[in-house]
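Protein chains: 2
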Amino acid sequence: MEEQKTIDLVNGIEIDTLQNTVKAIQEEPELAKCRFHVTNKWLGANHNCTTVSSFYGARQEIEHKQPFELHADEPPILAGQDQAANPVEHLLHALASCVTTSLVAHAAVRGIHLEEVESEIEGDIDIQGYLGLSKDVPKSYKDIRIKFKVKTDEQNTERLKRLAEFSPVYNTLINGTNVDIEIESK
Amino acid sequence: MEEQKTIDLVNGIEIDTLQNTVKAIQEEPELAKCRFHVTNKWLGANHNCTTVSSFYGARQEIEHKQPFELHADEPPILAGQDQAANPVEHLLHALASCVTTSLVAHAAVRGIHLEEVESEIEGDIDIQGYLGLSKDVPKSYKDIRIKFKVKTDEQNTERLKRLAEFSPVYNTLINGTNVDIEIESK
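First to last, the sequence lines map onto chains A and B. Take 0 as the starting number for the first sequence in numbering that gives the first Met the number 0 and just add one per residue. Take 0 as the starting number for the second sequence in numbering that gives the first Met the number 0 and just add one per residue.
Think of the hints as simulated: they come from the structure by calculation, not from any bench. Mixed in with the good hints there might be a few duds.
Same chains, same label: a pair holds when it works inside one copy or across any pair of copies.
[Unchecked claim] Below, a list of computed lysine-lysine pairs in the DSS-like style, where the Cα atoms sit at most 25 Å apart:
id, residue 1, residue 2
1, 160, 146
2, 160, 141
3, 134, 150
4, 141, 32
5, 141, 22
Work out the full structure, taking the sequences as your base and the hints as a guide.
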């Protein structure tokens, strides 16, 4: 006798899985406390590599299916070998991927079906700040813009903007956060 | 007759290349204006991919040696397939790589030699905010901590902390930045 299981998928996301996570957290808010952590190793010049292996959530350390290695380098104009995207480009990736995931997942639980989601993300930096050439020029991104093109019923687009704004990376960037740097000799 | 070229390398970085960039910008500050940009495409469920091909700087569009594809996914507990690091982990990578590069490059131009640089980066998020379960819980990272271990003369460590703080991603995170999201139907 065959056993059948019906999985409710919206935008490819298993709604039951998400709703079970939500339900568990509503009963026990402590489960929502996550700590994400990575390690980074300098490989010479402007090249370095981050390893992502596990994270803490639901009151336990959870291993990824496999560790992920993420490289960063700089282009030749900044004395790099251009072996990987540079750190400020990785920041745009973090933002783009987070806003996309937030939009898609929050749409899914509300029954909003999406067919395609694409975006262009750009940001401006005057590197006089980074290079220490001017104290009046910020070292940071000045403005970042994301333009989405979404294939869905046109009536959904204004609502999707509010769902995109659930993104943790978006909120970290618009509000700022504490970053503590400690350096000890090895 | 053989031609010889002596390249001044500190921490593996060609100091002449960096100094030429700095000199050109001092003469013409407009060259320092950079615009970084990427595109992102949703691949279904929580999986999406960013492509990094070129950036604008030194008054021209500069192609990377090759386009870079950066994936993001979520772990099973967040209804993903765990095919890549998730967006908030990518943010830690952007930060770790940027602070490392800033520290190494600024040390190089000051003649501070480094042998090894490693770091651990962690940050806390209570995902009740992201899930929309509590308006009192921020959707963003609450605190991020970076611990570096650097193999160098011990007297350098305090100075290295100040050099690390030139990082554009670090400054973007501690100060916050404008992020504009536009959504149009396709």
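Structure-based check of each hint:
1. 160 x 146: Within one copy, since 11 Å is at most 25 Å while 36 Å is not.
2. 160 x 141: Close inside one copy (22 Å) and across copies (23 Å); limit 25 Å.
3. 134 x 150: neither (45 Å within a copy, 30 Å between copies)
4. 141 x 32: between (31 Å within a copy, 11 Å between copies)
5. 141 x 22: Between. Shortest inter-copy distance 23 Å satisfies the 25 Å Cα cut-off; intra-copy 39 Å does not.
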